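Asker: Chains as they are written, first to last, in our numbering: chain A, 1 to 341; chain B, 1 to 806.
No lab work stands behind these hints, which were simulated from the structure alone. A quick note: this is a predicted structure, and the numbers were derived from the prediction, not measured. Here a beta-carbon is modelled for each residue, glycine too, at the ideal position from N, C-alpha and C. Treat the hints with caution; some may be incorrect.
Stated by the list, open to error - Across the chosen pairs, the derived CB separations fall in these ranges: (1) Gln278/A x Thr529/B: 55 to 63 Å; (2) Arg34/A x Val765/B: 18 to 26 Å; (3) Val243/A x Arg484/B: 27 to 35 Å; (4) Val243/A x Gly605/B: 19 to 27 Å; (5) Pro325/A x Gly622/B: 19 to 27 Å; (6) Gly323/A x Arg711/B: 51 to 59 Å; (7) Gly323/A x Glu17/B: 53 to 61 Å; (8) Val765/B x Lys39/A: 34 to 42 Å; (9) Gln278/A x Ala368/B: 52 to 60 Å.
Here are the chains, one letter per residue:
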Amino acid sequence: MSAEQQSLDGLEEEARRALAEVTTLPALADVRARFLGKKSALSGVLRGIGRLEGADRARVGEQANLVKERIEALVSARRDELGRGERERALSETRLDVTLPGLRAPRGGLHPITRIERDVVAFFTGLGFGVEEGPEVETQWHNFEALNMPPDHPARDMQATFFVDGGHVLRTHTSPVQIRTMSGRTPPFRFIAPGRVYRCDRSPRHSPMFHQVECFMVDENVSFADLKGILYAFQRHMMGADVELRFRSSYFPFTEPSAELDYRCLICRGAGCATCSQSGWIEAGGCGMIHPVVLEHCGIDPERWQGFAFGMTLDRAAMLRWGIPNIHLLFDGDVRVLEQI
Amino acid sequence: MRVPLRWLAEWIALPDEAELLARLTQGGLEVEEVLRVGPDLSGVRVGHVLTCDKHPQADRLSLCRVDLGEAEPASIVCGAPNVAAGQKVAVASPGARLPDGRKLQKAKIRGVTSHGMICSAAELGLAEQADGILVLDAAAPVGAPLDSVLAVGERVVDLTLTPNRGDCASLLGVAREVRAHFGGDIEIPPTEAPEQGPSAAADLRVEIADPAGCRRYVARLVRGVRIGPSPGWLQQRLEAAGMRPVDVVVDVTNLVMLEFGQPLHAFDAGTLRGGVVRVRRALPGEKLTTLDGETRTLEPDDLLIADAERAIALAGVMGGAETQVTERTRDVLLESAHFDATRVRRTARRLGLHSEASYRFERQIDAAGVRRACDRAARLLSELTDASVTPGVLEATGDEADAEPVIALDPERVNRLLGTALSRAEIAALLARVEVRVADALASPLRCRVPSWRNDLRHAEDLVEEVARIHGFDEIPATLPRQRLAPVVVARSRRVSEAARDALAAAGLFECMTLPFARPADLDRMGLTADDVRRRLVRLQNPLTEDEGALRTFLLPSLLDVIQANRARQVERIRIFEVGRTFHPRAEGELPDERLALAAAITQGGERLWDMRAPVFFELKGALEQVLEAVGVTAEFVPGGGEPFWHPTSSAHIDVAGRPVGTLGELHPEVAVRFEIDVPCALLSLDLDELAAAKAAAHRFEEPSRQPQVRRDLAVLLPRDAAAGRVLHAIRSTAGPHLVEAAVFDHYEGPGIPEGRVSVAFRLVFQRPDRTLTDAEVTRASERVVAMLADRFRGELRHGGGVAGG
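Produce the entire structure from the sequences given, and follow the hints as far as they go.
Answerer: Below you can see the structure in the form of structure tokens.
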């Protein structure tokens, strides 16, 4: 037995003992370096093989490699053991109080009016209606005259008006957008116009600012029956398939014929309750066929073209959807209200 | 218009009430509510006296057993002499309330418990006094509420009239509407006035000097009127209709106005001078003391009634004090006229004198009914006061309009507008129900004669509406229109504002909406200089409150108010934004410039477990970065917001492609104090129109590299005023083409850092798309960066200058 062979035999035993004493992974790495690293005895033996003679060379080489493999196996086994031990220790040491609150990204939200408006816009753009906005400060021509409300017309009493510098008004409805959109355009066309409107009135039920959407369409044969068809589809989109509608004759200077659209109260189903003021019906908006005078004001020949217009208030729809009892809650920025929407 | 239903029933037979109200509403006369006037007898029931015996302890009392339709008859003590077995009587049970407000209770009368009271007419509020109990008709159903069997009280329908239906501001008008819906005949009360004595024309004449202002003027002289209160039935009618009784003359004119919709005026004929009543324009500066005692200065546009010497009434608006009917009046001149709607409206509005009369004139009255109403009033005065109606009607006419215009109506147009398939005959029949006469249902177009009272029907479309209204809107089919497809174009400003809203909501902010009014005081509180352009306001001429006298030029004050209000409500965590227009005056006569603006705010406070504790500014900036990313633009944040309301060294302005689009910053502590805001907060102000005008950067896809990344962290000591954003920008342009990411991952000043310096740690990530980077390549790039930092920013590496790898 050569010296090399003896030292090789001892080496394995020595490594086994050293590994048994190792308790941490870094210490294991040290041991591995000591027995298998570049400066280890084993590496020395392997490096020295080249200097040996024929038969010795093969034998020592084979043995050294065998020992190397064995030590590698021992290290690997010890590493597994130690790793498992460390994982087990971590497992027993780590502990979360899972009942502590989750870490949430702050939640925000859109205003109820924005959400209702988007519902409305989505429905009408789906039918190919364009979206138009107009100025909130309007000329009296656009807000009144062009809509067949000349000065001294009693219908002006229906809309308490804010007047601003220069004889202009805060628009009292979104209908002037009809005028701005139709003027200079040739039918057929169809548009909606969502926006803010103002009335000089503050009471428990009225805010000086509120929101409307105007919807209008002009073509050669578009009729009141078409208006009804669109509104049925629209109200089903907004309120569900079982909504019941009623058209009631009314008066707007800019439509003829004119009607109010009511829907059966969803709270009491028509029996009468506080939400519908005991009437069983809730007003959904005003509508009608665009008055020929209005078309003429926009340079559209009323003999050839006709169309419908519909306007609704978004605020009331939002209040009903979320059960908000007071319109003023919509506009005072109370975070406790907004968080609930 | 308040319509007592029993009164209406005297004009026309009424259908079932619920059906009546539903049809009126759907036909355009909206029923606002149904009121009840008169004694409320809903708690009193019909009882049947089964037995009537003497009270065991009192001779003059009876003990009755009364069937009220319940399981057991009630035993009731009654003191009336006329009570007898077999009678039907009115019984108030314990708990019922009598018309005088008394609530009935069980009572022991002379040792016997009485379960209620048999009522007299007086106790029910039906008579001043009564000798005994009220005995009802033997057919009255036992147990029924008394008001169902006795004509007491009155149900009054309150109708909301649209401005076009002035013709319905009368019993006659509503009766016509009932007939249109249900058919039937209208019974008009008698109007012929029995004439006596010499003709009025001998003493008086009437003239119209302003023919455009008065189409017809009719007057009658009634002599020997005894002024006093009007009879009870007349007073009750007026009260039921919501008018206050005054004296017999005023009450008669009001009654006739309610009946026919024709406002009347009564002059004391004895006060008129010069034997003439003239309709004319007011003279410049002319004065008139009206009935309410006010002396009014008139304008030439005002339509006036005058005698030979002076103004005596504002036509259609209010009478004059000097000629009004008083207790001493003997002879009354009744005026009935058709005045121009616009003139009456202007005068009423200018003087703030809106009355039942002006309401009707403003909506135009029936020119054909002027004479009839005058006759009716004269007749009533003669009936009620023994006055005599002087023969002859004083009458003058101005510009006559076509009383019954003819409108050509193409039946095709009716069906084209409504989407119906009505025949000519059906259309003619529907129009006939509102007394629009079609001479020949075969003619084309239909020639439709409009009745004199429907001055709202002037265009063919108005008749189409009548067809739809009477036919019923519910009868029109519901179809969907056929139309050529066309692309929907949504303006970029709208898409940008919607994207911004979504981004901020996703970043944890709540959208709020506030009123657009500006308080001038807020401009001072914000610290704006005297020449700040935001002080140029669009002012309201009729604001609701002084604080709402103008339109806002920026949104921040509104948001600060919201923060303050929420703090006052003890809300700790306030994260809000608003999108709204701002208003900026332009040249005289032009509409203001309206810009779409966005403001957002985040306050410090309310942090929970493990929350990050970076300054709140960076939370808001992060939200803004999400907005910019959603809009597709990149911005540069330049230190210094340049606004008096920002913290001067904790604010920035925001440039997109070299154009300023807004500013953000922490609130200046002085401004915070002025707005009573007690927590640190950061705010943002953005011009969405500017942002929408900026071109969105083209987004290009890059294939992720398969090669390994090499990371270098550089901790650099920089002067305190070096802007990390600029340093980062410089790093990006120095580090060469293989830098794929550069970020600040730590920012520290304090112990261990020399005075006036700040430690900023940058993380640089290098990667090539084609091959693994060599160590030497990365080191060269890093050293280039370090040299640049030293050169341009006086930056020095910390920890002995090592370039850490990882």
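Asker: All hints are to be evaluated individually against the structure, with a verdict given for each.
Answerer: Right, here's what the structure says about each hint:
1. The given range of 55 to 63 Å is respected by Gln278/A and Thr529/B, whose C-beta atoms sit roughly 57 Å from each other.
2. Our hint of 18 to 26 Å for Arg34/A and Val765/B is violated, since their Cβ atoms are close to 38 Å apart.
3. Against the hinted window of 27 to 35 Å, the Cβ-Cβ separation of Val243/A and Arg484/B comes to about 30 Å, which satisfies the hint.
4. Roughly 44 Å separates the CB atoms of Val243/A and Gly605/B, a value that falls outside the hinted 19 to 27 Å.
5. Judged by the Cβ atoms, the range 19 to 27 Å given for Pro325/A and Gly622/B is violated: they are separated by roughly 36 Å.
6. At about 54 Å, the CB distance of Gly323/A to Arg711/B agrees with the hint of 51 to 59 Å.
7. Between Gly323/A and Glu17/B the Cβ separation comes to about 33 Å, which falls outside the hinted range of 53 to 61 Å.
8. Roughly 37 Å separates the CB atoms of Val765/B and Lys39/A, a value that falls within the hinted 34 to 42 Å.
9. Our hint of 52 to 60 Å for Gln278/A and Ala368/B is violated, since their Cβ atoms are close to 39 Å apart.
Consistency note: the structure conflicts with the earlier hints numbered 2, 4, 5, 7 and 9.
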